[in-house]
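Protein chains in written order, with the numbering used here: chain Z, 1 to 299; chain P, 1 to 299.
The set of hints was computed from the structure by calculation and includes no laboratory data. Honestly, I wouldn't trust all of these hints.
Treat identical chains as interchangeable: a pair holds within one or across any two.
Stated by the list, open to error - The calculated lysine-lysine pairs, modelled on DSBU-like cross-linking and capped at a C-alpha distance of 35 Å, are:
#, residue 1, residue 2
1, K74, K292
2, K256, K189
3, K248, K74
4, K74, K202
5, K185, K76
6, K185, K162
7, K136, K189
8, K292, K113
9, K74, K189
10, K292, K256
11, K292, K136
12, K74, K185
13, K76, K189
14, K202, K162
15, K74, K256
16, K256, K185
17, K256, K76
18, K189, K292
19, K202, K189
20, K76, K248
21, K185, K292
2 protein chains.
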Amino acid sequence: MSLVIVGSIALDTIETPTGSVTDVPGGSTTYCSLAASYFATPHIVGVVGDDFPDTVLTLFNNHNIDLAGLVSEKGKTFRWGGRYAENFDDRTTLFTDLNVFETFNPSLPEAYKNASHVLLANIHPGLQHHVLDQLKSQAFVVLDTMNLWIDIAHNELLSLMKRVNMLVINDEEAHLLTGERNYGKAAAKLREMGPEWLVIKKGRHGALLFHEGSVFSVPGLILDQVLDPTGAGDTFAGALIGYLAQSKDHSFDNMKLAVVFGSVLASFCVEDFSVDGITYLEESDLEERYDKFVIMSQF
Amino acid sequence: MSLVIVGSIALDTIETPTGSVTDVPGGSTTYCSLAASYFATPHIVGVVGDDFPDTVLTLFNNHNIDLAGLVSEKGKTFRWGGRYAENFDDRTTLFTDLNVFETFNPSLPEAYKNASHVLLANIHPGLQHHVLDQLKSQAFVVLDTMNLWIDIAHNELLSLMKRVNMLVINDEEAHLLTGERNYGKAAAKLREMGPEWLVIKKGRHGALLFHEGSVFSVPGLILDQVLDPTGAGDTFAGALIGYLAQSKDHSFDNMKLAVVFGSVLASFCVEDFSVDGITYLEESDLEERYDKFVIMSQF
Chain Z
1 MSLVIVGSIA LDTIETPTGS VTDVPGGSTT YCSLAASYFA TPHIVGVVGD DFPDTVLTLF
61 NNHNIDLAGL VSEKGKTFRW GGRYAENFDD RTTLFTDLNV FETFNPSLPE AYKNASHVLL
121 ANIHPGLQHH VLDQLKSQAF VVLDTMNLWI DIAHNELLSL MKRVNMLVIN DEEAHLLTGE
181 RNYGKAAAKL REMGPEWLVI KKGRHGALLF HEGSVFSVPG LILDQVLDPT GAGDTFAGAL
241 IGYLAQSKDH SFDNMKLAVV FGSVLASFCV EDFSVDGITY LEESDLEERY DKFVIMSQF
Chain P
1 MSLVIVGSIA LDTIETPTGS VTDVPGGSTT YCSLAASYFA TPHIVGVVGD DFPDTVLTLF
61 NNHNIDLAGL VSEKGKTFRW GGRYAENFDD RTTLFTDLNV FETFNPSLPE AYKNASHVLL
121 ANIHPGLQHH VLDQLKSQAF VVLDTMNLWI DIAHNELLSL MKRVNMLVIN DEEAHLLTGE
181 RNYGKAAAKL REMGPEWLVI KKGRHGALLF HEGSVFSVPG LILDQVLDPT GAGDTFAGAL
241 IGYLAQSKDH SFDNMKLAVV FGSVLASFCV EDFSVDGITY LEESDLEERY DKFVIMSQF
């Protein structure tokens, strides 16, 4: 048992300046596991309602995602709606209908408890603690979170940070957690809070990887078309831990590659709505895009 | 005659969250020429008042900057005052006393007219046209500008862009000129306006170099201490063209290196007030910092 991913599964309604979609696959686990599936077999834990489309379950199966930890409950699937501003950066939440997700209590199948890599995708820090409590192995744990939990579950998040190997957050969340705008100072404070590895995502400006005294910067790819930024961060984290689970190498050099492949998948993600940009990619697609990162940043 | 730099020479009064200084060396030519001096001999054109400190002239001389095009006029030197907000990004101009700079009409000494490289540092586009009109050589011309000229001298700037090889602007200016937030789309529009080479500076996020279908990204170095961002863009442009004037190689690969050395000097610039960060650097200082860019971005 290698890679376990725990988070939300949702049906999203999304409005962007270029279009809108209704009840499309969404949620942190959905993006993370599809992205991770290009490198390793994701074993997911989540809950859906009895209205969850079979087409999405088929999509998961086709991506070789293990659904042993997926529970289907009577009722409706978690629904989320959001609208993006003209700049694609500012997002307004239109509605959050938790439905069956309201009472979600992640329970790991026995086989999952010996995971080598665990991605705590974005859900309440209390539930993320509960996942770690069930582990029997010394897994490499990556933690994702969001501004909401920094605000309303601060202490649970702080204690969680002491239990994980890597924290992946965006620059606004880094500022919210540390009060620092300087990336170096923010990173130092965040690493003092627990995680020895840290990634700060900067959207179109790429991402920074921090570890001990070292820092690595991956650029944001210049894309002709951005249709939907939803899930780009989840996709980044999913591909990153998928790459790590496959390579089983936690050296700084290999972690750089994991961050680059996280960026590769995230760049595909934003080019289409929902998960459409990260389904059924060929190995050659990933290689071509990886080469673009090489050309763009190597001198 | 190789590198000619034309722009403003000023005495600045600067307030930042970490301190303040009065009547210190400033102006686009000052930063550009000091930065360029690490790679080539800058021949500058500018005007100062009879109150201009000998210590700064000595500094120019010590940096092997040719002052044949520097005119000293009766009256006071151009004074500029600015205050930075807590985030170091937002700047308020406190005063602009043009003084002798008000009637500045750049006149190139005869020897300057055969320049191989010309940096049109930030001054009114009308004066930048006048500089190009005096050239007898096919120089490689780099153009810097600012939001003020985009607003009040738009047409002169647009016609100027057709006469230069490279435009260096920041992301806000790129948006102002094109209406585009997407870097790829903004770059395409800007290059259609004339310059075959384009650099978009992104402050702490580094810079992007565009040429034909290619793009290169240099990261922003993570600095422990930023004291004064004034002149970082001028320093970047000065080091860039200095590197080009020295190497005489306009291939994309060499242009990448010019952009990296522009970033190296700019990173020193912001670490101290005024030009203090870019005076009397050793070659080993530049090499050490270059290595930091390598470590930070190569995978």
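Results for each hint:
In this homomeric assembly, K74 and K292 never come within 35 Å of each other (Cα to Cα): the closest approach is 46 Å inside a single copy and 56 Å across copies. For the identical chains of this complex, K256 and K189 are neighbours both inside a copy (21 Å) and across copies (33 Å), given an alpha-carbon limit of 35 Å. Taking the shortest alpha-carbon separations for K248 and K74, neither the intra-copy value of 39 Å nor the inter-copy value of 72 Å comes in at or below 35 Å. In this homomeric assembly, K74 and K202 never come within 35 Å of each other (Cα to Cα): the closest approach is 39 Å inside a single copy and 50 Å across copies.
Within a single copy, K185 and K76 get their C-alpha atoms no closer than 44 Å, and across copies no closer than 42 Å, so neither meets the 35 Å cut-off. Taking the closest pair of Cα atoms, K185 and K162 come within 35 Å of each other only inside a single copy of the chain (19 Å); across copies the shortest separation is 43 Å, beyond that limit. With identical chains, the CA atoms of K136 and K189 are at most 35 Å apart within one copy only, with a shortest distance of 30 Å there and 57 Å across copies. In this homomeric assembly, K292 and K113 never come within 35 Å of each other (Cα to Cα): the closest approach is 38 Å inside a single copy and 41 Å across copies.
In this assembly of identical chains, K74 and K189 lie within 35 Å of each other by CA distance neither inside one copy nor across copies; the values are 44 Å within and 54 Å between. For a Cα distance limit of 35 Å, the shortest separation of K292 from K256 qualifies both inside one copy, at 15 Å, and across copies, at 15 Å. In this assembly of identical chains, K292 and K136 lie within 35 Å of each other by CA distance neither inside one copy nor across copies; the values are 40 Å within and 40 Å between. In this assembly of identical chains, K74 and K185 lie within 35 Å of each other by CA distance neither inside one copy nor across copies; the values are 48 Å within and 48 Å between.
For a Cα distance limit of 35 Å, the shortest separation of K76 from K189 qualifies neither inside one copy, at 41 Å, nor across copies, at 48 Å. Taking the closest pair of Cα atoms, K202 and K162 come within 35 Å of each other both inside a single copy (24 Å) and across two copies (34 Å). For a Cα distance limit of 35 Å, the shortest separation of K74 from K256 qualifies neither inside one copy, at 43 Å, nor across copies, at 58 Å. With identical chains, the CA atoms of K256 and K185 are at most 35 Å apart both within one copy (21 Å) and between copies (29 Å).
In the homo-oligomer, the alpha carbons of K256 and K76 never lie at most 35 Å apart, since the shortest distance is 40 Å inside one protomer and 54 Å across protomers. For the identical chains of this complex, K189 and K292 are neighbours both inside a copy (33 Å) and across copies (22 Å), given an alpha-carbon limit of 35 Å. In the homo-oligomer, the alpha carbons of K202 and K189 lie at most 35 Å apart both inside one protomer (18 Å) and across protomers (25 Å), since each shortest distance falls under that limit. Proximity of K76 to K248 under the C-alpha cut-off of 35 Å is found in neither arrangement, the shortest distances being 38 Å within a copy and 67 Å between copies.
In this assembly of identical chains, the alpha carbons of K185 and K292 lie at most 35 Å apart whether taken from the same copy (31 Å) or from different copies (17 Å).
This entry does not satisfy hints 1, 3, 4, 5, 8, 9, 11, 12, 13, 15, 17, 20, going by the numbered hints stated previously.
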